[in-house]
Amino acid sequence: MAEEINGYFLEDVKVGETVYKKGSLVPSFAFLQSNGSTSSGNWIYCASYTDKGNMAARRSNKDAANNIGLYPEFAWAWPVNRRIIYNRASVDPKGRPYDEKDWVVKFAGEEKDGKYTTNKWVGDVPDGGWFPLQNPDGTKREDGKHPFIMTVHGHGQIFGPGLADGPFPEHYEPIECPVEKNIFSSQMVNPTAVVYGTKADTHATCDPRFPFVGTTYRVSEHWQTGLMTRPQEWLLELQPNVFVEMSEELAKLKGISNGERVKVSSARGALECTAIVTKRFKPFKIGYATVHQVGIPWHYGWRWPETGTEESANLLTPSAGDPNTRIPETKAFMVNVAKL
Amino acid sequence: MTKSIFVDTTICTACRGCQVSCKQWHDLPAEKTKNMGSHQNPQDLSFFTYKLVRMREEIIDNKLQWLFFPDQCRHCVDAPCLATAFNEDAIYQDPATGAILYTKETQKLTADEIIGSCPYNIPRKAEDGTLAKCDMCNDRVHNGLKPACVTTCPTGAMNFGDREEMLAMAKSRLDTVKAKFPKAMLLNPDEVNVIYLVAFDPKYYSDYAVASSGKGGISRSVALRKMMGPLAKMMRV
Numbered sequence: 001m002a003e004e005i006n007g008y009f010l011e012d013v014k015v016g017e018t019v020y021k022k023g024s025l026v027p028s029f030a031f032l033q034s035n036g037s038t039s040s041g042n043w044i045y046c047a048s049y050t051d052k053g054n055m056a057a058r059r060s061n062k063d064a065a066n067n068i069g070l071y072p073e074f075a076w077a078w079p080v081n082r083r084i085i086y087n088r089a090s091v092d093p094k095g096r097p098y099d100e101k102d103w104v105v106k107f108a109g110e111e112k113d114g115k116y117t118t119n120k121w122v123g124d125v126p127d128g129g130w131f132p133l134q135n136p137d138g139t140k141r142e143d144g145k146h147p148f149i150m151t152v153h154g155h156g157q158i159f160g161p162g163l164a165d166g167p168f169p170e171h172y173e174p175i176e177c178p179v180e181k182n183i184f185s186s187q188m189v190n191p192t193a194v195v196y197g198t199k200a201d202t203h204a205t206c207d208p209r210f211p212f213v214g215t216t217y218r219v220s221e222h223w224q225t226g227l228m229t230r231p232q233e234w235l236l237e238l239q240p241n242v243f244v245e246m247s248e249e250l251a252k253l254k255g256i257s258n259g260e261r262v263k264v265s266s267a268r269g270a271l272e273c274t275a276i277v278t279k280r281f282k283p284f285k286i287g288y289a290t291v292h293q294v295g296i297p298w299h300y301g302w303r304w305p306e307t308g309t310e311e312s313a314n315l316l317t318p319s320a321g322d323p324n325t326r327i328p329e330t331k332a333f334m335v336n337v338a339k340l
Numbered sequence: 001m002t003k004s005i006f007v008d009t010t011i012c013t014a015c016r017g018c019q020v021s022c023k024q025w026h027d028l029p030a031e032k033t034k035n036m037g038s039h040q041n042p043q044d045l046s047f048f049t050y051k052l053v054r055m056r057e058e059i060i061d062n063k064l065q066w067l068f069f070p071d072q073c074r075h076c077v078d079a080p081c082l083a084t085a086f087n088e089d090a091i092y093q094d095p096a097t098g099a100i101l102y103t104k105e106t107q108k109l110t111a112d113e114i115i116g117s118c119p120y121n122i123p124r125k126a127e128d129g130t131l132a133k134c135d136m137c138n139d140r141v142h143n144g145l146k147p148a149c150v151t152t153c154p155t156g157a158m159n160f161g162d163r164e165e166m167l168a169m170a171k172s173r174l175d176t177v178k179a180k181f182p183k184a185m186l187l188n189p190d191e192v193n194v195i196y197l198v199a200f201d202p203k204y205y206s207d208y209a210v211a212s213s214g215k216g217g218i219s220r221s222v223a224l225r226k227m228m229g230p231l232a233k234m235m236r237v
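Sequence order for the protein chains is X and S. As numbered in the working numbering, residues 1 to 340 make up the first sequence, in order. As numbered in the working numbering, residues 1 to 237 make up the second sequence, in order.
Nothing false has been slipped in among the hints.
Some chain S residues judged to face chain X by a derived CB distance under 8 angstroms, without partners named:
no. : residue
1   : VAL20
2   : GLN24
3   : LYS34
4   : MET36
5   : PRO42
6   : LEU64
Hints are computed from structural coordinates only; laboratory data are not their basis. For clarity, every value in this text was computed on a predicted model and none was experimentally measured. Every residue gets a Cβ at the ideal spot worked out from N, C-alpha and C, and that includes glycine.
With these hints in hand, go ahead and build the complete structure from the sequences.
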């Protein structure tokens, strides 16, 4: 399988002066051909499995010449075993490391009369092995390229193109939360979040009807809505019911016993869950307030199990989404938990 | 050559791939389960469930530990169930692999006596009294495959090979994990062919993680039969 992903020559192919035999492994993505004479499962993995064997299975503890912990012969990194992308950003225009002690790459070509004459880099695999931008005498070279090779001008960027928020991470409160004020910022919630305006999109921050933080997650036995895994009886046997996990403290507060069916509700909907009272959940402090959290998997819905009693956690979650992908805010919202 | 399984519970994540692959290989039906307030399901081993990851939350030295114990037949070196049955048509040991195997003939045994003889509380009976448990995937092993649970394990918690090789692996892993878990131990390694490594006192994992003195073992009459050896077989005492 790993060989397939790397890719083969499908016929004898001549690249430069070398003929590569049909059936041999392609040594690197630069050798992949556009005429159907080579195969590759994924170009970035080309060079991961070569005539020397499975590069990802290597376990050498020998470090690279720069001695900064790259371990180039331990496993393999895509593409072409480069450990740090855009690594030429660590050198000045003449190819000399800004940090002479902990350097990543440096130019080691020969020079004559103030000009570089041969091309060689040492350290990590250079991200684009062109000559440096300048010769040792400071003259500009026409064959050099800026280090950020995947951007239009070759420079690093603070804003990614077309993104609605950023560039720096900021703490905003979720669209529903247990606090009245964002204590890190004067901005309460993400001002660019996509918030829908239908009747179903009601939100309840600091609302005594929904005092607990809710979150959703997966279990390893089911996949997404569970439509592919709940009909599989061996998987349903392992995780038969939608559950709500809560701390022993919250269970005591609400008089809920382990394994009991309870109602979990939010401003948007409600469903019945089996309570799992666990030491893995603990109340936490926000400011002076004790906040309880509960967690629900989202894999359930109609038809399987055949009781039809196990409904989707999506009934509880807000549809408000992040501004770029509209992935809804399923990880933090407010709920209530009550005995049936 | 006797085969063994080495179960390193310190790297088990309770994904339960072993439970499912066991049912798949043996074509065992799913049980109609209910969440009882834990992720462990089914609740116990049964005639249709040979492998079960037991889960417990324990506070040990003021720290929460979520313990996983993939429970199954230990394939004892000297199996009390085999000695108790005293009927090689019903319970026998495969000399090639060391696996302790149950047949349909177990229906003719006194099921509760066999179950009671097991120090690890493993065999389970059907309504008609037939007994069943893990067979170490003996059919796979004879065809050069590993047991289904071992093949499917993604973390390396389940290992399979010659007994000496597994014992060496178990001892070497024990030495390694002792640095992190000073109370780590192997469970009855000299007596079983399914050797568990646990990080804490085995009582935290399962009531029958180690052979318990109050449970199982062989009765006096069985001991007598064993003493008589081959003679007893001939006489069927």
